[in-house]
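2 protein chains.
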Amino acid sequence: MSLLLNSRDIDFNLYELLDTEALTRQPRYAEHDRAVFDAVIEAARVLAEQEFAPHAAKLDANEPTFDGKRVTLPAELEQTLDAYIAGGFMGIAAEAEHGGMQLPWVVGQAACAWFAAADVSANSYPLITHSAVNLLTEFGNDDQKRRYLEPMVAGRFFGTMCLSEPQAGSSLSDIQLRAEPTTDGHYLIKGTKMWISGGEHELSENIVHLVLAKIPGGPPGVKGISLFVVPKIRVNDDGTLGARNNVQLVSLNHKMGFRGITNTVLNFGEGGECHGWLVGPMHQGLFCMFRMMNEMRIGIGMAACVLGYTAYLHSLKYARERPQGRHPLEKNPASPQVPIIQHADIKRLLLAQKSAAEGAFTLLLHCAWLIDRQRTETDDAERTRIGLLLDILTPIAKSWPSEFCLEGNKHAIQILGGYGYTREFPLERLYRDARLNPIHEGTHGIQGIDLLGRKVTIQDGAAFKVLLEEYRKTLAAAAPVTELAEYHAALAAAVTTIIDTTAALDALRASGDVNRALANATLYLDAFGHVVLAWVWLRQALVAQRALAKATGSDLDFYRGKLNACQYFYRYELPKVAERCALLARFDDTCLATDENWF
Amino acid sequence: MSLLLNSRDIDFNLYELLDTEALTRQPRYAEHDRAVFDAVIEAARVLAEQEFAPHAAKLDANEPTFDGKRVTLPAELEQTLDAYIAGGFMGIAAEAEHGGMQLPWVVGQAACAWFAAADVSANSYPLITHSAVNLLTEFGNDDQKRRYLEPMVAGRFFGTMCLSEPQAGSSLSDIQLRAEPTTDGHYLIKGTKMWISGGEHELSENIVHLVLAKIPGGPPGVKGISLFVVPKIRVNDDGTLGARNNVQLVSLNHKMGFRGITNTVLNFGEGGECHGWLVGPMHQGLFCMFRMMNEMRIGIGMAACVLGYTAYLHSLKYARERPQGRHPLEKNPASPQVPIIQHADIKRLLLAQKSAAEGAFTLLLHCAWLIDRQRTETDDAERTRIGLLLDILTPIAKSWPSEFCLEGNKHAIQILGGYGYTREFPLERLYRDARLNPIHEGTHGIQGIDLLGRKVTIQDGAAFKVLLEEYRKTLAAAAPVTELAEYHAALAAAVTTIIDTTAALDALRASGDVNRALANATLYLDAFGHVVLAWVWLRQALVAQRALAKATGSDLDFYRGKLNACQYFYRYELPKVAERCALLARFDDTCLATDENWF
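Protein chains in written order, with this note's numbering: chain U, 1 to 599; chain A, 1 to 599.
Just so you know, these hints were derived from the structure itself, not from any lab.
Some hints could be false.
No copy labels: a pair is met if it fits in one copy or bridges any two.
[Said to hold, decoys possible] DSS-like mimics (lysine-lysine), calculated; alpha carbons at most 27 Å apart, straight line:
| hint | residue 1 | residue 2 |
| --- | --- | --- |
| 1 | K331 | K223 |
| 2 | K331 | K550 |
| 3 | K331 | K214 |
| 4 | K473 | K576 |
So that you can see chain U by itself, here it is in the shape it has in the complex:
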């Protein structure tokens, strides 16, 4: 079996849990069928195994350097990305009219998961380019689409997302990049952006920066933010490359992980005119950006998930092969040592990883499938409903894998002991890579505020209600299945707990004590996420339980493994929800009330 992902689990998710094939009945995907999906995913696996995975350690060990003029990257990176582009993956989910394959997003996510698992930082170049393509597809005008989309989908141009600045990381309200209008249709961009992944390199002919900036005279705060497309090299009307556009690399950030991708400080318009073109309506830049946020955040969640997934598989292989120690009742020291997978505590570390990685994988593919459903649904009410569900699931899809698959990466090292702490195995690299995920695309704390301060309350709790309907559907399906009675009862109780906790916090906020209501938003996020994951596991258990009767051979173990991981999650993880919610329901203000001089 691959050490990156489990193909059997991908099939389980796409075809047993989700009705991915049904998407081909929609006009948008009518050209495809399951055979195409499977072929693309298998091609991704092969490419990930053969081109991405072999170079991951080298890209990690040789981070990008900048001599003041040019960025140097290991040659293997270009080779890897060229193979990716040659395989057509840059356009996997892009529109056919721009040269893309126009596959369902869920299939694209399943395929690209292989690349992220093999080398998360090399995969970041296309990942970000996909986001930029989506943004331009949704909000770009015809001229912008014509100039940029085809070369991006063809892999000739890469993209970036330029949000943060040195003084504005989490607080986008405070960005200062200026965009001065001219009479020639473009704006003059001036200022500095920070933490820009893929901001400079020579891997592609051009780099298309999608940039948040403020047009002077606009409203303060987020309402004055506009979105611009700012190419590294201007693109002529005929599509040829024109003059340099004065986007200058100031310096590279040197990171603990994700070292295959440049992370940059960029100056715009420092050494001459930097032209930018408005994308979408003026002052609606953050709105445009957030319209794409679901996809971007789900992408980060997927990266976090597969870092945990591949670490799980690596540590599983080691646990099967490494003899060490004996069972507690074995008193004969001359007896052979047993493979460590036989020790209960090693199984616990494996189950913790499996339940986190496979649980997150199911959640993320479910979200991706919802994006496809949203895109293709013709009934307005149903489309709205799907959108609400995505809105409330997104902070969980981003934050839960970032936090709990990172914990899994920690466990994977532990299983290997000293070996896990060395570069002889990839576990330490995966752990370093994974540590970024709770930080970028909205920190863990920001996700908590987003969930508790916005998503559960917007439109009188409409999104939360849709999620509760989904819970109830799954509970209703599980109710008659006696083998799942324990989980049915536990999920029902946890859902009640989260409803009550949410109502209590909502009432506190309504009373005016917003600070206190939001003080423990991160704990709420984690507890809420655990309930979502419990729901995800019950959905998997339902399918597995049903399939068990007819299963044979390795499928029998596969389904039993699903049921067992579900049991682990319900017994070892879900009980934490009640404990955390008790704290939340007490409106504990220990943190909020701490005087900063007491530290």
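Please build the complex by placing chain A on the supplied structure of chain U, with the hints as guidance.
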């Protein structure tokens, strides 16, 4: 204030919580007084700030290399250690007769904590040498003491501890290194050791390896293990250096952190005779080693603790200085951004760090003080009692900081956001360093088995009973203090829970189901540790509450900070004990019963 440790907190621990001055009434420490203690600790602080901290990043970035003949290390390492040796710290707690300062262990721990906080890997050379000195002091014969101890205390020879082998990491029972007796008083050592820290370098004139090996014909398993002193270069009768002893460096391990210290694979007796001399009785090697285990494991716990402590202080400084975002009720985007320390979630991340680091620090200094008490106590019963208390606290002193201060290191990165993930700040290095601690000197899982499978039950639970007496003393002291009523009640309940859980698991084991009783030993370890830490925090709160009435100025904030961190621990952390113990008391066998084919 220093960013390494808090001097005020050291004083609080040594002189307000522990009666460290009283140790000077013992003949062993009669030469010293508090002024000496303070001067030594202050000298350590200065040396740590001036020599260790400035080179830590460079030592991390330039790990040791081996060209097949010699190990190369950055020159700054030798400079740092020379300054340490010149300061007399290599003999800080060693016997006066061997040239040591013979300071109390607790003072030595407090002083050396500065070095570990400044550069944990550079400090590992002396840390391991201290352990080797202790071992030889306790079990070496006069000849061995004469040959090795004075040069080690003088810093001319460094030490190592050689336990693990490639096929025997956690399972020492399975070591294969052979020691063949000769008629010349020495043994011929042959075989391979792995994971040996400081196993090769040219920082000292000689390296004194303390090596576990098996004498052919001895009993199998741990009962056949003997301890040997094996110098890199043989030492002549007159103390001069003789011939090389055929200890060969095979290779270096390349680690994620702790990169300032070589970690080695060593061959003994490969290219010629390797002489070793038996230390302590034949076949009693593990016994000798374990007699020193308390000190060694407390040393690892201290390293873990101060990695968390300095990360806390660094992130605290950043949180005070970094403006970002606004309070939830501030709707004017033109208002200035606030320092992030004002955000409730940042305070939570700081309190989690503070309660873990300062709590662990108190526990570790308490354990060190118990070692001094054990050494100097003349009453046999009391000495036995102290030994039992140390025995049961040691797995917690090692494991709790390793797990929960690592979590603190994770939080410290989070506070800095993207900056925390870069090498511009030391947080990412501290996180990488800290990840080793749950692995070396007995993995986290091994500590759980040690606690539940041995320490709580040995001698009919004698050690556990002594710990419970300590709990009751603290509870009795807290009972009349109304301000601490909440914590008194919570600790009393948690102690009852842990007693009940222990009794239930004990009964299960007595019934013969040892596998199931031990299956969740790691969860037991963590829950048990949380109760120990709650006890430690109530002890701190008692002193702080008492001192508050007369305190002024910054002391007022200091004591309020202690009480506040105690509140955090009791409200956010301690409740986890009941949840974990509920799982333990159900004798959950999900992990144990998992078939390995289900992964």
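Numbers of the earlier hints that this structure fails to satisfy, in rising order: 2
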